[in-house]
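Keeping their order, the protein sequence lines are chains A, B and C.
Under the working numbering, the first residue of the first sequence carries the number 71, and numbering increases by one thereafter.
Under the working numbering, the first residue of the second sequence carries the number 159, and numbering increases by one thereafter.
Under the working numbering, the first residue of the third sequence carries the number 6, and numbering increases by one thereafter.
Since the hints were made in silico from the structure, they are not lab data.
Possibly wrong hints are sitting among the right ones.
As the list claims (entries may be wrong) - Once the Cα atoms are required to be at most 30 Å apart in a straight line, the calculated DSSO-like pairs of lysine-lysine come out as:
no., chain 1, residue 1, chain 2, residue 2
1, B, Lys257, C, Lys96
2, C, Lys173, B, Lys257
3, C, Lys171, B, Lys257
4, B, Lys245, C, Lys171
5, B, Lys257, A, Lys674
6, B, Lys245, C, Lys173
7, B, Lys245, C, Lys96
8, A, Lys237, A, Lys648
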Amino acid sequence: MLDYIWLVPFLPLFGFVINGLFGSRLPRRVVGIIACSTVGLAFVISLTAFFVLPDQPVPDKVLYSWIKVGDFKADFAFQIDPLSIIMILIVSGVSFVIHIYSIGYMHGDPGYSRYFTYLNLFVCAMLLLVLANNFLMMYIGWEGVGLCSYLLIGFWYERKSAADAGKKAFIVTRIGDFGFALGIMYIFKTFGTIDISEVMHLAQGRFEVGAPILTAITLLLFLGAVGKSAQIPLYVWLPDAMEGPTPVSALIHAATMVTAGVYMIARCNMIYSLSPTSLMVVAVIGCATAIYAASIGLVQNDIKRVLAYSTISQLGYMFMACGVGAFAAGIFHLMTHAFFKALLFMGAGSVIHALAGEMDIRHMGGLRRYMPTTYMTFLIAALTIGGIFPFAGFFSKDEILWRAFEQNYILWAIGIITAAMTSFYIFRLVFRTFAGETRVEKEKLVHVHESPRVMTIPLVILGIMSVIGGLAGVAKAFPLLGTSRFFSEKLNILRFLEPVTGGHHAEGSEAVGLERWLMLASLLIALVGIYIAYQFYVRNPQLPKRLARSLRRTYKFVLNKYKVDELYDFLFVNPAKKFSVFLWRIWDDSIIDGIVNGTAGFFKVCGRIGRRVQTGYVQTYILLIIIGAVIIIWYCL
Amino acid sequence: MVPLSYYLLLSAILFSIGAVGVLIRRNVLIMFMSIELMLNAVNLSFVAFSRFLDSLEGQVFVFLVMAVAAAEVAVGLAIIICIFRNKATVNVDEINLMKG
Amino acid sequence: MELALFVIFGAVAVASAIMVIVSRNAVVSALFLILTFFCLAGLYVLLNAQFIAALQIIVYAGAIMVLFVFVVMLLRTGKEARRGYRLIFQKSMGIIFVVLFLLLLGSITLTVAVTGMRGPYTAEAVRHIGNTQAFASVLFTDYLYPFEIISVLLLAGIIGAVVLAKRKR
C-alpha cells in the first residue's frame, strides 16, 4: 500500500489538470465531483497508509532521480514516516471536508471551476510539501502553496482590496521564502546533501550542541516559517488574506498552509535541538505572537479578522511548543487546530452566507434560532479553542503549556494569559453572533436561513473531530483503551510521532501530579475568560462600551492593530515605492533604455552605411567574387 | 607537341574574356553567353590536363560539366524569360530588386 | 603542324570570344560564340579527345546555342542602346581586377610545372583501344554514380525550365 503513496499528491494534481483544462466547459456538478473525489481518494489512501505503516522505518519512495549535477542530487522522492503520514492525513482529510463545503458555499460564483482548480492545485502542493524527502521538493511545495494562496486570496480580483491583499501576502511571505531558500543553500554547502533525513543524521554526528553554523541554518529556516506561518514580524499578510473566499481561509489560512512552518520545524527537529539559541528564538517569537495577536483579536469587529488573529495566536502556541522542544505537542496542536479552526471559519462562512456577505459582528446577534446546526458546531469549536475539558483543544494546549512550564515559567505565564484572552475573544464572537437580540437589518433578516446540507454536514464532521480529536494525545488517560497496542501506539499521537520527534518526556508520578494542577489552572482561567465575555456581551452590553470609552486611546490603538501596517508602510513600503519610482524614471527610462536604444541606434547607423554594399546589381556581386579570387590566388602564391 | 602551359594560358585568356563580358555587358543574354565562355575555358584546361597526365578523368569531368551547363542554360534562359515578362527589359542595370 | 593548328585555333577562339563580348547585337554574339566553340572542338581533337570534341559540337554548338539563339529571337531585344556610362567605376574596377587575375594565372601557368600521377591512358593506349571506348570504360565504371545523378539533374533542369517559363494565368 505504501508503494501507492505517490498517488496522494498526484490525485489532486490530476483533478487540477482536468478542471484547469476543461473545467469551464464541464457542468458544475462534474467539476465539483472531480475536485472532491480526487481529494477524497487521496484521503482514503492516506488513511490506509496510516494503518499499514509498520513500526520499523520505511525507506523513502523514490519516483525518479530529478536533478543530478556533480555532487548535487535531488530525487523526486517521498518520505514515509509517522510525521508525514499524520500530516497527509490532516491535510487530505480537512481538505476533503472543505472541498465538499465549498460546493455549497461557491455554488453561485461565476469562477466556480477556477476556484476548484486552484484548490486542487493547493492540495497537491501542500501534500508534496509534507511528503518531500529533500529540502528542494519541500521548497516546491512551499512555493506552490504560496502561489495558490496568492491566487485564492485574490480570487475575486475585480475587487481592488482582494487583489492588494493577494499581492501583500505574496510579497510578505516572499521575505520568509528568501530566508528559507538561503537556509537550503547553506544546508547544501555545509552537508553536501539536501536529503532531509541524511542532513539530520550528519548534523548529529558532525556538530556539537550550539554550533554557530547550525544556529545560522536553523534561524534562516525559521525565517521561512515566520513568513509562511504569519509570526511576528511577518504576520501582517494573514489578516488581509481574509479577502479570499471563506473556505479558502478555512483551508489555507487556518488549517494547512500556515502550519507548514510548524511542520518544517518539527521535521528538522534534530538540527533545532542542536541549537539552543534558535530554539529560544522560536519559543520567544511564538510566545510573543501568541499574546500579541490574541490582544488584537479582543477588539476586532470583523468576524473573519478575529478568527485570523486567533489563527496567528494559535500558530504562536505551536511555535512555542517547538521552541521548548515539544515538537510532538506542536504537531498535536496543529492537528486539533486544523479541526477547530477550520470549523470556526466554516461556521463563520455559513453565517456570512446566510447574511449575504455581512461580516461585522455588530450587525449580527440572535442567530441561534435561525441556524441551529451552525450555532451548535460553532459553539463546540469555541469550546475547543477555548480549552474546555474534554474538547480537543484542551489536551493539545495543555500539553504545550505543561512543556513550557517545564522550561520556563515566563513562557507558561504568557501562554496562560493568552489562553484567557482566547476564550474571551472567541466567546465574544459566539455571544455577539448567536446570542441575545438580533441586530441584523430587517430586510436581511427575512432571508436568514440555515445553510444547505452540503455545508452543514462538513460542519458536523469537523465538530465530531474537534470533540474526539483530543483523545489522540491522552491515551494514557484512558487505561482501558491503553491496553490495546493499536490504541496505545497508533492513536497516541505523541507516542506515534516519537520515531521522528525524539523521546517523550519522562513521566514521574510527581510530575504528573503537577501536570494535573496546571491542567486545572488553565481550565479555570479559560472559564474565567468565558465568564467575562458573558458578563460583557450578554448580561451588561453597556459595559464594554463604557470600558472602551474610558480607555479610549488604548482601545483605538489596539483596534488599529497597534498601527503596525502604518509603521511598515512608513519604514519599508513607502521607501521601496520611492526607490522603485527612481529606478523606473531615472535608471530604467534613462540609463537602461538609453543603452538599449543607443545600441540599436549604433547598429542602425552601421546598417545605413553597410547597405550601400548591397546595390542589387548582379555585376557588383560578381566583381566582388573576382576580387576575392584574386586575393586568394595572390595569397596562395 | 604543344606544351601544356600554352593550353592553360589560352584557357586563362578565354576565361578572363568571359569574366570581362560578365562584368561589363548590360544585356543579360550576353552575360549569360560569357558565362558559357568561362565554362568552356575551364573545360579546355580539363582536357589539356587529361591529355598531359595520360588520364581520362578530365574528359569525364568535361562531360559532366556539359550536362550541368545544358541544365543551367535551360533554367537560366527560363528565368530570363520570366524577368523579361515582368520587367520588359534584359538590361541588368535596370534590375536591382535586391537593393539594400 | 600541330603548333600551327594550335595557334590558328587559339587565335580564332580568342578573337571570336572578344567579338562575343563587344558585339552590340545578341545574335551576332551568339554566332561568334558558336565559332569559339568550333575552335575549341578543334583544340580538343588536337588533344586526342575526339569524343569530347564531338560532344562540344553537338551539345554546345548545337543544342545549347540553338536555345540561346531561339531566346534571343524570342525576346527581340535588338541592338543594345548606348546608355551613357552607368556603373562606370564598377566596370573599370572589374576590368582592372580581371587583368590582374589573368596576370596571376598566366604567371602560374608559365612558371609552374605540372606534377601529378600519370594515368594508364597514354596516347598510344587510347589509340589502341579507341578514344570513345576508353572514355566509356572510365565513365561507366568509376563514374557511374555521377553519371546517373547527372541524369536526375537534367530532369530537374527540364522541369524547372518548364515551370519557370510557363505563362501563369
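### Hints violated by the structure (numbers, ascending)
No numbers; nothing is violated.
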